Amino acid sequence: MVIRRILQKTGFYFLILLVLLFTLFPFVQMLSTSLKHQYDWGNPSLIPQKLNWSSYSELLGLKKEEVKVPESIKRLLDNPKLSEEKRQKILARFTSTSDVFPFINYFINTLLIAGTAAAISLLFAVFGAYSFSRVRYRGRSGIQRGVLLTYMFGGVLLMVPLYQISVHVGLANTAIGSILTLVVIYVVQTLPVSLYMLGNYFRSIPESLEEAAQIDGCSRLKTIMLIIVPLSMPMLVTVYIYAFMIAWNEYLFASVFLKNFNEFYTLPIGLKSLFVSKNAIWDRIMAASILTALPVVFVFMTFEKHLIGGLTEGGVKE
Amino acid sequence: MASHPGSLAQQEARFGWKTVAPSLLLIALLIVYPVAYNLYLSFFEVKLSGQNEFVGFNNYFDLLSDRAFYDSLTVTVIYVIGSTLGTTLLGLGVASLMNHEFPLRGLVRGLVLLPYIAPLISEVFAWQFIFDPVNGIYNHMTVEVLGISDERVNLIGTPGNALLVVIIFDIWKNFPFAYLMILSRLQSINNDLYEAATLDGATRWQRFWHITIPELRFVVGAIVMLRFIWNINKFDEVFLLAPNVKTLPIYTYFTAFTGTIEQGLAAAIAVVQFLLLIGLIFLYIRRVLKW
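Chains as they are written, first to last, in the numbering used here: chain D, 4 to 321; chain U, 5 to 295.
The following block holds chain D by itself, in its conformation from the complex (with noise of 0.2 angstroms):
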């Protein structure tokens, strides 16, 4: 009997061991391709031979580029005659910013479009959900069931018609044009779960609150701001979070309306480029994946308790 209990719970962990190698491995390796020197790479041993820092610094910006001037400019270089401005133009010849991956151009690109697609949708979805939840009109659940359905719409069945369209429009053409489309396509991607969660948060609020603040002369938009939102703060955020991971995370849109922008590339199509370009270099190309996946990683692990909770209430959407 105690034999038996010990093989139960040995196996037990053994299996919760097993999963957890399952799922985490490739992060492991991640991380430890990114801290490795070339000649390391093929190495079966998860720890680095020699830490090898420089992926991040280059990065990061950390290191200054080296400049490599034949002897023959730097002689020309030394001459006291030669401006400053034309000594810099003839220096930047030789920089080669070719093989710079701009990753902060990138980071900060991604955060600006996917921060402002999250706002706005969280700003919309606050009213909306608030109408589907508290506001009694004719037709209010055919709309709210209508609404739900279309989060199942998304990417490739949009992705011609999107395009045609912005083209038409002349959205295409420029970059403002471009970036403008795609944070409103990520408003509207993200809106339908947005609206689902807020509208199932707010009916828990009790509407004897609202009906006190009524009485006292509040307006109903006055009960919005001064009741509703502030009691649905966890619920903002996790609806927040959520609308802004996916937009940080997303590929396909990104690719067909920022292809011919290279400066205002997200991070998911500027790795995608880094990689099948001729700096396909492993430890940066990782070390790059860990960069990106850190802010979103740490912010689902501060907030993780309300986050749980809105993906078991169906706040996901693929």
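Treat the hints as calculated values from the structure; they're not laboratory data.
All values reported here derive from a predicted model rather than from experimental measurement.
Some hints here could point you the wrong way.
Stated by the list, open to error - Below, in silico cross-link-like pairs of lysine-lysine (BS3-like), each with a Cα-Cα straight-line distance of 30 angstroms or less:
| id | chain 1 | residue 1 | chain 2 | residue 2 |
| --- | --- | --- | --- | --- |
| 1 | D | 262 | D | 275 |
| 2 | D | 275 | U | 51 |
| 3 | D | 77 | D | 89 |
| 4 | D | 308 | D | 12 |
| 5 | U | 22 | D | 225 |
| 6 | D | 92 | D | 77 |
| 7 | D | 275 | D | 53 |
| 8 | U | 22 | U | 294 |
| 9 | U | 51 | D | 262 |
Unchecked claim - DEER-style ranges, computed between Cβ atoms:
| id | chain 1 | residue 1 | chain 2 | residue 2 | range |
| --- | --- | --- | --- | --- | --- |
| 10 | U | 97 | D | 45 | 51 to 61 angstroms |
| 11 | U | 289 | D | 57 | 32 to 42 angstroms |
| 12 | D | 209 | U | 188 | 22 to 32 angstroms |
| 13 | U | 195 | D | 11 | 19 to 29 angstroms |
| 14 | U | 289 | D | 219 | 40 to 50 angstroms |
| 15 | D | 172 | U | 161 | 32 to 42 angstroms |
| 16 | D | 228 | U | 196 | 20 to 30 angstroms |
| 17 | U | 225 | D | 118 | 28 to 38 angstroms |
| 18 | U | 25 | D | 107 | 35 to 45 angstroms |
| 19 | D | 79 | U | 265 | 40 to 50 angstroms |
| 20 | U | 289 | D | 221 | 53 to 63 angstroms |
| 21 | D | 219 | U | 172 | 58 to 68 angstroms |
| 22 | D | 229 | U | 15 | 11 to 21 angstroms |
As the list claims (entries may be wrong) - If we take Cβ atoms under 10 angstroms as the criterion, some of the chain D residues that face chain U in the derived model are:
| id | residue |
| --- | --- |
| 23 | 80 |
| 24 | 262 |
| 25 | 264 |
| 26 | 275 |
Quick reminder that beta carbons are idealized off the backbone N, C-alpha and C, glycines included.
Let chain D serve as the given structure and place chain U on it in line with the hints.
Only chain U this time, still in chain D's reference frame:
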């Protein structure tokens, strides 16, 4: 309540429509209209500049006489069924493990979610490294350690094997979703049921079969259907890991944006995909949402 203009009920209704209008407008403009426009485009030869040319059902005839379309359909079916089945079963297994008490359970539960929440692009690169023919651990294990294979292979580079890798990747990435849904259902099962059954002399297996399974039927059904719907639409997970696995979305993408660009034909493929989806969504509504 009186319903002359300006009555309370009417004011209420007006307020309701006003607050929901911005969201509705956006959704109509950027989801409903595009879906309809896509159907319209599928009857045209879409020119990148100039007037589109009406071609009737020609895009569909082209599609139906194209071998690549049937191949793509087959790949899609294998991918969707394989990944959905794997995701659900693994989720079920892990959920029943995590339902037991053990030290550091909170931490482990959080860690298991990592594949689902981390950015796809990062994960794809890690998997590509694992299967890299030169440096990857997969080839090291199969060739040098286990000796299953004589030479290092580029698994992701060959379409047949790549499909398998994509399915495993998809299971790895999405099982936490299934696990989480199932676990939260498991924890809401009333413990009295199990105790009563134990008193009645039910074995462990009997308890699992007669109590746990019936309680989980609904949530498992919901997961399977959602995964079906999502995976038919899935683009990025497949495209970024192995673009040579041509599921319908990938096939649409290549038709629309690479080589001889044929966006009318791409629209037609998307319509086929949409019809498949509508069937599943209908099932989902009847069985899970129960409208």
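So, going through the hints one by one against the coordinates:
The suggested pairing of residue 262 (chain D) with residue 275 (chain D) holds, with an alpha-carbon distance near 12 angstroms, which does not exceed 30 angstroms. Our distance criterion of 30 angstroms between C-alpha atoms is met by residue 275 (chain D) and residue 51 (chain U), whose separation comes to about 29 angstroms. For the proposed pair residue 77 (chain D) and residue 89 (chain D), the alpha carbon gap of about 13 angstroms is at most 30 angstroms, so the pair holds. As the CA atoms of residue 308 (chain D) and residue 12 (chain D) are separated by approximately 29 angstroms, the hinted pair is consistent with the 30 angstroms bound.
Taken as a hint, the residue 22 (chain U) and residue 225 (chain D) pair is honoured in the structure, with Cα atoms around 15 angstroms apart against an allowance of 30 angstroms. For the hint pairing residue 92 (chain D) with residue 77 (chain D), the CA-to-CA distance comes to about 13 angstroms; that is within 30 angstroms, so the pair holds. In summary, the hint linking residue 275 (chain D) to residue 53 (chain D) is supported, as the alpha carbons are separated by about 28 angstroms, within the 30 angstroms threshold. Note on residue 22 (chain U) and residue 294 (chain U): the hinted pairing holds, with a Cα-Cα distance of about 29 angstroms set against a maximum of 30 angstroms.
For the given pair, residue 51 (chain U) sits about 19 angstroms from residue 262 (chain D) by alpha-carbon distance, which is consistent with the 30 angstroms threshold. A hinted range of 51 to 61 angstroms is violated for the C-beta pair residue 97 (chain U) and residue 45 (chain D), which are about 34 angstroms apart. For the pair residue 289 (chain U) and residue 57 (chain D), the beta carbons lie near 54 angstroms from each other, so the given range of 32 to 42 angstroms is not met. The hinted range of 22 to 32 angstroms is satisfied by residue 209 (chain D) and residue 188 (chain U), whose Cβ atoms lie roughly 25 angstroms apart.
Distance hint check: the CB atoms of residue 195 (chain U) and residue 11 (chain D) are about 21 angstroms apart, consistent with the given range 19 to 29 angstroms. At about 42 angstroms, the beta-carbon gap between residue 289 (chain U) and residue 219 (chain D) stays in the expected band of 40 to 50 angstroms. Roughly 40 angstroms separates the CB atoms of residue 172 (chain D) and residue 161 (chain U), a value that falls within the hinted 32 to 42 angstroms. Distance hint for residue 228 (chain D) and residue 196 (chain U): a CB-CB separation of about 45 angstroms, inconsistent with the stated range 20 to 30 angstroms.
One distance hint, 28 to 38 angstroms for the beta-carbon pair residue 225 (chain U) and residue 118 (chain D), holds here, with the actual separation near 37 angstroms. Checked against the hint of 35 to 45 angstroms, the pair residue 25 (chain U) and residue 107 (chain D) passes, with Cβ atoms roughly 40 angstroms apart. At about 49 angstroms, the beta-carbon gap between residue 79 (chain D) and residue 265 (chain U) stays in the expected band of 40 to 50 angstroms. Restraint check, residue 289 (chain U) to residue 221 (chain D): a C-beta distance of roughly 38 angstroms breaks the suggested window 53 to 63 angstroms.
For residue 219 (chain D) and residue 172 (chain U), the Cβ-Cβ distance of about 60 angstroms falls inside the hinted range of 58 to 68 angstroms, so the restraint holds. Checked against the given bound of 11 to 21 angstroms, the beta carbons of residue 229 (chain D) and residue 15 (chain U), roughly 20 angstroms apart, stay inside it. Hint on residue 80 (chain D) is violated. Least Cβ distance to chain U is approximately 40 angstroms, over the 10 angstroms limit. At about 9 angstroms, the closest approach between the beta carbon of residue 262 (chain D) and any beta carbon in chain U falls short of 10 angstroms, and the interface hint on this residue holds.
Interface hint at residue 264 (chain D): violated, since its Cβ lies 16 angstroms from the closest Cβ of chain U, which is beyond the 10 angstroms cut-off. Nearest Cβ of chain U to the Cβ of residue 275 (chain D): about 7 angstroms, under the 10 angstroms cut. The hint holds.
Going through the hint list in order, the structure does not satisfy hints 10, 11, 16, 20, 23, 25.
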